[in-house]
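The chain contents come next:
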Amino acid sequence: DVVMTQSPLSLPVTLGQPASISCRSSQSLVLSDGNTYLNWFQQRPGQSPRRLIYKVSNRDSGVPDRFSGSGSGTDFTLKISRVEAEDVGVYYCMQDTHWPGTFGQGTKVEIK
Amino acid sequence: EVQVVDSGGGLVQPGGSLRLSCVASGFTFSTYWMSWVRQAPGKGLEWVANIKEDGSEKYYVDSVKGRFTISRDNAKNSLFLQMNSLRVDDTAVYFCARGRWFDAWGQGTLVTVST
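From first to last, the protein sequence lines stand for chains A and L.
Letter 4 of the first sequence, counting from 1, is numbered 4 in my numbering, and no numbers are missing.
Letter 109 of the second sequence, counting from 1, is numbered 109 in my numbering, and no numbers are missing.
Since the hints were made in silico from the structure, they are not lab data.
Remember, it's a predicted structure, so these values are computed and weren't measured experimentally.
We put the beta carbon where it would ideally sit given N, CA and C, even for glycine.
One or more of the hints may lead you astray.
Claimed, not checked - DEER-style ranges, computed between Cβ atoms: (1) A:Ile111 with L:Asp89: 29 to 37 Å; (2) L:Gly42 with A:Lys79: 23 to 31 Å; (3) L:Gln82 with A:Ser57: 35 to 43 Å; (4) A:Ile111 with L:Lys76: 13 to 21 Å; (5) A:Trp99 with L:Ser114: 26 to 34 Å; (6) A:Glu86 with L:Thr115: 35 to 43 Å; (7) L:Ala75 with A:Ile111: 45 to 53 Å; (8) L:Ser71 with A:Gln47: 25 to 33 Å.
Generate the whole structure from the sequences, applying the supplied hints.
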């Protein structure tokens, strides 16, 4: 199975400051169709996960533009340009290029 | 509004069975793959199973193969997960999710396998 490794696992941030989460895969996530199936999810405390980003950099409907995704091959990044209080939670990357789909361990974002 | 509502969780003894259900609304259910994802207490997310739009293809994570069965009833906009031979390490919140890339999630239903 493809191993997804996130860093850091804990990310204390100051309100209004940027935040960045790294996700690395154990093999390339580029599929033969040319697409890279790397998604990002947010799970606020006590809530279900919510998809934020699909195929590396595409924001889902309703996701604030302070969230952005980038990367290629095996290295990916989720950035929050200015952290707000509602961004507290755990963030997961997930790949579905290779079967079975696998998630990273999660990065807990909290306010300093 | 897209909605998926999970149900059916509960407390069961090791070796027992449970059937989870998910009812969808706000989208054309029969045109989407559907999935189950679980989260053990205090842990991360794990994909469990998914099923093609017409039910003709089904896939499972290795740890549940032969014990869990995913199915759907498109006439009733419903997804199911039949869980047999349950083990303590199946204890988790189980989420129904739309598609293969989980763009909508249910609220989750807790399955506890314990004596």
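Okay, the hints, checked on the actual structure:
no. : hint                              : in the structure
1   : A:Ile111 with L:Asp89: 29 to 37 Å : 34 Å, holds
2   : L:Gly42 with A:Lys79: 23 to 31 Å  : 27 Å, holds
3   : L:Gln82 with A:Ser57: 35 to 43 Å  : 38 Å, holds
4   : A:Ile111 with L:Lys76: 13 to 21 Å : 44 Å, violated
5   : A:Trp99 with L:Ser114: 26 to 34 Å : 31 Å, holds
6   : A:Glu86 with L:Thr115: 35 to 43 Å : 41 Å, holds
7   : L:Ala75 with A:Ile111: 45 to 53 Å : 47 Å, holds
8   : L:Ser71 with A:Gln47: 25 to 33 Å  : 27 Å, holds
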